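Undergrad: On the provided structure of chain A, position chain B as indicated by the hints.
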Amino acid sequence: MADRLEGVLVVLGAGVMGTAIAVTAAGHGRRVVLVDVDPAARDRARGRMDLHLRHAGLLGAFPDGVVPAAVEVVEEFDPAADVVAVVEAVTERADLKAKVIADVSAALPPGVPLISNTSSIPIDELADAAMRPEDLVGTHFMNPAYLIRQVEVVRGPRTGDAAMAAVAALLADMGRHAVVVRDSPGFVTSRLLHPMINDAARIVEEGVAAADDVDALMQGCLGHRTGPLRTADLIGLDNLVDALLVLHERTGDDRARPCDLLLRKVRDGDLGRKSGRGFYDYEEALS
Amino acid sequence: MSAAQLSGQDVETEVTEFLRTKVKQTVAPDEDLFASGLVASMFAMELVVHLEQRYGVAILGSDLRLDNFRTVRAMGALVERLRGA
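Chain order of the listed sequences is A and B. All the letters of the first sequence, read from the start, carry residue numbers 18 to 304 under my numbering. All the letters of the second sequence, read from the start, carry residue numbers 56 to 140 under my numbering.
So that you can see chain A by itself, here it is in the shape it has in the complex (with noise of 0.2 Å):
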């Protein structure tokens, strides 16, 4: 195990999520590749990490005395290099990311964690794509992961104890603290989040209120940190309804299904804080 330790985290999707989770890594000292297919979202991964780095020191959240690592940013996965564990952080489908699970659990050596980091897909089913399903296991790390100590991570039933162990092991060297969950479409948190951040938008479609009177009644009135809507611009509009259409066809619950303001914006590319606008502005370039 210790030696395990000693390996670099490869993240596979250089976007909001694969973006953060190698910044914190990284901030704890450990090395990272980062593999996209696309050079714009390489760019993007490289202009961002270093926003992320500021805002990690400023709000004190990686340990004094570790100089954060360097983040490799590359287009192709190298199985050959010395891997602790491969983090994939595709876009929330499952078709996508099942295929991305077959090629790189194919390369990848026995015992080594192949970590789904996914807010809404049952790993089971993504088992069915990976060639040793007892090393896959389900992450979801929140935005902005750096900041977000806790770690809701998912054990499907053909997940492995040797799995699991690694992945609990991991997660603690990158100062993250985990809730194991069992399988379910949604897992804990989107279960309960995304259905009410669905209710929110609705509330502002019918006109009953205005997105930060629906965010202000429901941090002033019922202590919910951020609001559902800021925390909507957070996830990212369009993961959003990709995590809610999986629980929607998986679950038949109506409060799961998208609501038209939610599809507008995304069609209008209003992504939220990554493209700058969601419910709410955001002028400048930020993490």
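It is worth saying that the hints were derived from the structure and are not from the lab. Among these hints, one or two may not hold up.
Partner residues are not named here, just some residues of chain A that face chain B (Cβ under 7 Å, in silico) [what the hints assert, rightly or not]:
| id | residue |
| --- | --- |
| 1 | 71 |
| 2 | 72 |
| 3 | 75 |
| 4 | 76 |
| 5 | 80 |
| 6 | 164 |
Fair warning: this is a prediction, and the values are worked out from it, not measured in the lab. All residues carry an ideal CB built from backbone N, CA and C; glycine is no exception.
TA: Chain B in isolation, oriented as in the chain A frame:
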């Protein structure tokens, strides 16, 4: 007025106005923005980026700590010092 001509007092006035548009409250120069919950973790970084862009300063290293952004007055002092005023 260009940012270079602004005094520390002017910076405080502008930052107060920026905060008013963002958090919809007028804050006192010495009000602790974090203790009052007006500024949370995401908005703290927005403040950093805003000050850098508006006043042409780079906030780096040991200057990048919450105490420098805790009050409007602290932000005014930081900008003034970094501009070598």
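Undergrad: Close enough to count: is the Cβ of residue 71(A) nearer than 7 Å to one in chain B?
TA: Holds: closest Cβ of chain B sits about 6 Å from residue 71(A), inside 7 Å.
Undergrad: Could you check if residue 80(A) really has its C-beta closer than 7 Å to a C-beta on chain B?
TA: The hint is violated - residue 80(A) has no Cβ within 7 Å of chain B, the shortest such distance being about 15 Å.
Undergrad: Is the interface hint satisfied for residue 164(A)? The criterion is a beta-carbon contact with chain B at less than 7 Å.
TA: Interface hint status for residue 164(A): holds (6 Å vs cutoff 7 Å).
Undergrad: Against chain B, run the beta carbon of residue 75(A) and see if the smallest gap drops under 7 Å.
TA: Holds, about 5 Å.
Undergrad: Please check whether residue 76(A) passes as an interface residue: C-beta within 7 Å of a C-beta belonging to chain B.
TA: Holds - the Cβ of residue 76(A) comes within 7 Å of chain B, reaching about 6 Å at its closest.
Undergrad: Closer than 7 Å between Cβ atoms is the bar; does residue 72(A) clear it against chain B? Give me holds or violated.
TA: holds (4 Å)
Figure legend: structure checked against the earlier numbered hints; the only hint not met is number 5.
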